[in-house]
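Trainee: Let the sequences and hints guide you as you build the complete structure.
Numbering of the sequence shown is given in this note's numbering, commencing with residue 4 and proceeding in unit increments.
Treat the hints with care, as some may be off.
To be verified - With a straight-line cut-off of 20 Å between C-alpha atoms, the simulated DMTMM-like cross-links for lysine to aspartate or glutamate are:
1) LYS147 - GLU182
2) LYS189 - GLU221
3) LYS95 - GLU131
4) LYS126 - GLU156
5) LYS147 - GLU221
6) LYS133 - GLU182
If you are wondering where the hints come from, they were derived from the structure by calculation, not from laboratory data. Computed from a predicted model, the values in this text were never measured in an experiment.
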Amino acid sequence: AHSPAMSSADPESLQSPPAPRTCRALDWAVLAALLLLATALAALASCTVLGEPLAARPPGRPASLPTRPSPLVPGPEPRLVFLIPGAHLIAKDLVLQSGTLSWDSNDRLTGVIMTSDFSYDDKTKELEVKRAGIYYVYIQLALKRVLLSDSEESNVTISIHRTWDNRSELSLTTHLKGETPDSVSKFSASLLSLHTGARLHVNLTVPHALHGWQLNEEKVNFFGLFRVAESWGPGGPGPALEG
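Mentor: So this is what it looks like as structure tokens:
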């Protein structure tokens with residue numbers, strides 16, 4: 004960083020330098036917290052599932068016990084090395100309108116994770132899972148008021164869909180009205196069983212145009228998943244886990 008000369012500077016014009024690393028550190032803190040939560044959920048993987056059951060195992064072959072995800076390992080800043088297979092995508096869209104959302108998937112961008120077990124298609128807006136397993140899947144919807152006098156009232160729903168049958172696997176709804184705070188967010192997560200080649204996309208549903216609101220642009224609209232186990236243990240899937 005370059006420091007201004009102190010001998011001739013006007014004291015009133017001196018300002019503290021910006022601290023861009025603070026926001027970046029916060030981004031990584033959020034991701035690290037998600038990884039720690041995924042690790043804790045691995046212990047539940049033998050008795051909890053939401054989604055399509057895994058294929059039956061061959062007779063006489065023992066079931067694989069849930070495996071503990073590898074830890075988060077610090078790497079050279081501003082990037083971290085993630086040993087746990089996972090993806091964390093940031094929303095590109097800002098306008099509140101119904102449709103399939105687009106995502107930033109380049110892991111060179113701050114806050115984005117894309118390990119080799121996943122791929123994202125920019126044209127179809129689908130995330131592909133290349134390895135079967137039990138996944139901790141999560142999504143966050145964050146909205147920002149852009150017209151302070153706006154009193155529109157509406158529900159905004161975001162949902163993760165399985166592309167092969169368009170079934171919604173996880174969704175959340177935010178109700179907007181006049182007294183809603185200027186910035187709101189909601190988070191939801193669940194354990195899902197996904198097969199090799201499974202594709203997921205995210206739909207946004209808005210009943211009518213909302214001109215006074217938009218998706219928050221501060222990298223707080225995200226969608227992701229982390230593998231917490233290879234398969235269910237003896238006893239098979241249990242009741243659903245609500246996010």
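Trainee: Against this structure, judge whether each hint is valid.
Mentor: Here is what the structure says about each hint:
| no. | hint | result |
| --- | --- | --- |
| 1 | LYS147 - GLU182 | holds, 13 Å |
| 2 | LYS189 - GLU221 | holds, 15 Å |
| 3 | LYS95 - GLU131 | holds, 18 Å |
| 4 | LYS126 - GLU156 | violated, 32 Å |
| 5 | LYS147 - GLU221 | holds, 10 Å |
| 6 | LYS133 - GLU182 | violated, 44 Å |
Violated hints, listed in ascending order, are 4 and 6; each of the other numbered hints is respected by the structure.
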